[in-house]
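Produce the complete structure using the sequences and hints provided.
Here are the chains, one letter per residue:
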Amino acid sequence: MKLEIKNGCFGYSKQKIILNHIDFSAESGDLVAILGPNGAGKTTLLRCMLGFLKWHSGETLLNHKNLNQIPIKTLWKQIAYVPQAKNFNSASKAEEAILLGRNAHFGMFSQPKQSDLKLVHEIMEKLNILYLAKKSCSEISGGELQMVLIARALIAEPKILILDEPESNLDFRNQLIILETMSELTRQGMTCIFNTHYPDHALRRSNKALLLQKNGTCKFGKTSEIITTEKIQEAFQVKTVIHKIENQNQVYYSILPLELAESNQLSTGGNLC
Amino acid sequence: MNSTKQIQALKPVWNIILIIMPIVLAFFALCIGRISYPISEIWQVFISKITNSDIEIDKQISMIIWNIRLPRILMAMLVGAGLSVSGCAFQGLFSNPLATPDTLGVASGTSFGAALALLLGCNFIGVQAIAFGFGILAVLLTWLSSAGKSSSGLNSVVLSGIMMGSLFSALISLVKFAADTESQLPAITYWLMGSLSSAGFSSLQIGAPCIIITIFVLYLFRWQLNILPLGEDEARSLGSNIQLLRIITILCATAMTASSVAMCGQVGWVGLLIPHICRMLFGNNHRALIPACISFGASFLVIVDTMARSISASEIPISVLTAIIGAPFFIILMRKTGGWKI
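Just so you know, the protein sequences line up as chains A and B, in that order.
At position 163 of the first sequence the residue is numbered 163 (my numbering), and the sequence of numbers has no breaks.
At position 195 of the second sequence the residue is numbered 195 (my numbering), and the sequence of numbers has no breaks.
Bear in mind the hints are in silico, worked out from the structure with no lab data behind them.
A couple of the hints might just be wrong.
Claimed, not checked - Pairs of lysine-lysine, DSSO-like flavour, derived with a Cα cap of 30 Å:
#, chain 1, residue 1, chain 2, residue 2
1, A, Lys-93, B, Lys-11
2, A, Lys-16, A, Lys-65
3, A, Lys-65, A, Lys-6
4, B, Lys-336, A, Lys-93
5, A, Lys-2, A, Lys-73
6, B, Lys-5, A, Lys-77
7, B, Lys-5, A, Lys-73
8, B, Lys-5, A, Lys-113
9, A, Lys-135, B, Lys-336
10, B, Lys-11, A, Lys-135
11, B, Lys-5, A, Lys-159
12, B, Lys-11, A, Lys-126
13, A, Lys-126, B, Lys-5
14, B, Lys-49, A, Lys-134
15, A, Lys-159, A, Lys-126
16, A, Lys-86, A, Lys-118
17, A, Lys-134, B, Lys-59
18, B, Lys-336, A, Lys-118
19, A, Lys-239, A, Lys-219
20, A, Lys-118, B, Lys-5
21, A, Lys-65, A, Lys-135
22, A, Lys-77, A, Lys-93
23, B, Lys-176, A, Lys-134
24, A, Lys-113, A, Lys-126
25, A, Lys-2, A, Lys-159
26, A, Lys-135, B, Lys-5
27, A, Lys-113, B, Lys-11
28, A, Lys-93, B, Lys-5
29, A, Lys-86, A, Lys-134
To be verified - Ranges between beta-carbon positions, derived for each pair:
#, chain 1, residue 1, chain 2, residue 2, range
30, A, Lys-73, B, Trp-43, 49 to 55 Å
31, A, Arg-204, B, Pro-97, 42 to 48 Å
32, A, Gly-142, B, Thr-189, 50 to 56 Å
33, A, Ile-72, B, Pro-97, 25 to 31 Å
34, B, Asn-96, A, Glu-259, 44 to 50 Å
35, B, Pro-12, A, Glu-157, 28 to 34 Å
Beta carbons are placed, not taken as given, at the ideal position from N, Cα and C, and that holds for glycine.
Next up, the structure:
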């Protein structure tokens with residue numbers, strides 16, 4: 001299963017181009033992080049990638065086939081999308097919400113079967129959220145809701161999982177749960193693509209990274225080549241340092257922001273001494 | 001457990017209650033009225049009508065039960081079910097608990113059509129047809145005026161619906177202003193308050209098929225309706241054709257509201273009250289909600305209409321009673337269940 005973007009360009013109006021010549025590809029087992037400053041168009045990129053918005057030029061290809069030419073039910077059995085949990089508002093029971101993910105496998109009038117409900121419980125069990133089954137989605141925590149949305153995506157049995165800021169607004173235990181879930185899924189051969197605000201998470205988890213710039217262009221490649229102090233400074237205008245931490249024979253990388261870069265320093269910031 | 005069996009959305013006991021409740025209530029309603037009859041007599045009328053036999057029964061009793069009460073009760077059931085399902089569908093569509101069958105202006109449009117037809121002195125069938133036509137027209141106008149250049153989504157549809165509703169309300173006032181105060185104005189006012197007194201098999205023949213078919217379509221789509229309240233991207237990512245689903249929902253809900261209002265005027269409250277009662281009892285799963293709305297809506301309107309025609313010597317407008325009975329009941333239930341969410 002290969003997902004590619006070839007020369008994608010997009011802007012909400014003709015004058016202002018947000019995404020400029022995006023090139024990207026991901027294959028089975030890839031964990032791809034999409035990074036970029038606020039307003040650079042990370043969510044827009046995901047929406048274009050999935051065909052919710054139409055590229056002005058360029059295209060998304062799934063196994064070398066244009067995404068728009070694939071029938072919707074076929075397409076959404078292969079790709080699943082996990083929206084931002086903060087936009088979710090529904091008071092249905094968690095198991096009912098997850099069952100909706102099965103829709104791509106159903107015909108127009110068909111009703112869910114007992115076997116589908118069994119599948120829901122199996123996936124919830126796997127993600128350790130079975131205890132949420134009968135709870136209302138409006139009464140569970142943000143981290144739990146995010147896991148419910150991931151379960152809803154997984155129940156379609158997709159090959160590619162696309163997540164929009166899955167670990168935002170969560171405490172660091174829940175962040176770890178989400179990140180570990182993604183790592184585990186890619187180990188099993190799935191492709192995961194996620195937007196994130198944390199270069200640290202990209203550095204630690206992903207094998208490929210896409211860094212969006214303010215001018216709409218992007219840099220894409222192996223994580224170790226993309227998340228470097230120079231490229232981060234160029235994209236975010238922040239000076240950083242990348243640490244190497246050794247703990248019990250394991251090596252971890254961590255990125256620490258130091259200060260705003262010269263070119264974009266706040267006007268009052270320079271003369272504080 | 002058979003794994004290919006459908007998941008039960010309701011407990012089996014509720015399934016039975018939902019089917020039996022409106023039927024039992026309808027039988028009781030047949031007994032009650034200006035003159036009360038025992039249930040055995042009603043049974044006899046039914047048997048003689050169905051088997052065409054000549055059992056000795058009073059012509060007058062047969063006439064009252066078969067030609068006056070029965071069509072009226074059937075109409076109450078249909079209108080109650082139709083308005084409830086329509087309200088439920090609109091609430092899901094706009095993911096807004098305050099949505100009613102009139103959100104897109106259909107009830108106002110239909111009422112204007114009826115008022116106009118009464119002003120022009122049309123007969124009963126004419127009133128019904130013109131009313132239905134204007135109801136559909138109102139929704140078409142709402143849809144066209146909201147489908148501008150920028151697709152700002154469903155909020156603009158709701159806004160234009162409110163605009164269209166107030167436009168047609170103004171036109172109704174204009175018709176009332178122009179109407180003859182001796183004969184036409186009371187007729188229009190009475191019609192606007194809603195009444196099932198004009199029910200007969202002939203008016204049922206026009207309105208009933210439309211309501212039954214559209215309810216059945218939404219019933220078939222009951223699982224898909226659960227996708228409606230989600231965001232657009234989310235719904236598409238579940239592999240559903242959300243645009244088509246929205247259009248089908250609006251068409252069905254509109255047609256059933258227009259036929260209901262065309263048959264018996266504006267019956268307020270049912271479309272808001274019944275869906276919410278069902279949501280409190282059964283949750284937000286449309287697989288349970290749609291059948292529950294059909295059953296509760298039908299039962300509620302049969303009860304209310306029976307009271308409207310039998311409490312006092314002259315008939316009480318039905319909208320008055322739906323509010324007087326519905327509001328306290330609704331508040332009690334809301335306090336007991338702690339409210340609801342969509």
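To see whether the hints hold, each was checked on the structure:
no. : hint                               : verdict
1   : A/Lys-93 to B/Lys-11               : 16 Å, holds
2   : A/Lys-16 to A/Lys-65               : 29 Å, holds
3   : A/Lys-65 to A/Lys-6                : 12 Å, holds
4   : B/Lys-336 to A/Lys-93              : 20 Å, holds
5   : A/Lys-2 to A/Lys-73                : 18 Å, holds
6   : B/Lys-5 to A/Lys-77                : 23 Å, holds
7   : B/Lys-5 to A/Lys-73                : 23 Å, holds
8   : B/Lys-5 to A/Lys-113               : 5 Å, holds
9   : A/Lys-135 to B/Lys-336             : 19 Å, holds
10  : B/Lys-11 to A/Lys-135              : 18 Å, holds
11  : B/Lys-5 to A/Lys-159               : 28 Å, holds
12  : B/Lys-11 to A/Lys-126              : 28 Å, holds
13  : A/Lys-126 to B/Lys-5               : 24 Å, holds
14  : B/Lys-49 to A/Lys-134              : 50 Å, violated
15  : A/Lys-159 to A/Lys-126             : 17 Å, holds
16  : A/Lys-86 to A/Lys-118              : 28 Å, holds
17  : A/Lys-134 to B/Lys-59              : 57 Å, violated
18  : B/Lys-336 to A/Lys-118             : 33 Å, violated
19  : A/Lys-239 to A/Lys-219             : 18 Å, holds
20  : A/Lys-118 to B/Lys-5               : 12 Å, holds
21  : A/Lys-65 to A/Lys-135              : 41 Å, violated
22  : A/Lys-77 to A/Lys-93               : 23 Å, holds
23  : B/Lys-176 to A/Lys-134             : 53 Å, violated
24  : A/Lys-113 to A/Lys-126             : 20 Å, holds
25  : A/Lys-2 to A/Lys-159               : 9 Å, holds
26  : A/Lys-135 to B/Lys-5               : 24 Å, holds
27  : A/Lys-113 to B/Lys-11              : 16 Å, holds
28  : A/Lys-93 to B/Lys-5                : 21 Å, holds
29  : A/Lys-86 to A/Lys-134              : 21 Å, holds
30  : A/Lys-73 to B/Trp-43: 49 to 55 Å   : 52 Å, holds
31  : A/Arg-204 to B/Pro-97: 42 to 48 Å  : 43 Å, holds
32  : A/Gly-142 to B/Thr-189: 50 to 56 Å : 54 Å, holds
33  : A/Ile-72 to B/Pro-97: 25 to 31 Å   : 30 Å, holds
34  : B/Asn-96 to A/Glu-259: 44 to 50 Å  : 47 Å, holds
35  : B/Pro-12 to A/Glu-157: 28 to 34 Å  : 31 Å, holds
When held up to the earlier numbered hints, the structure conflicts with 14, 17, 18, 21 and 23 and fits the remainder.
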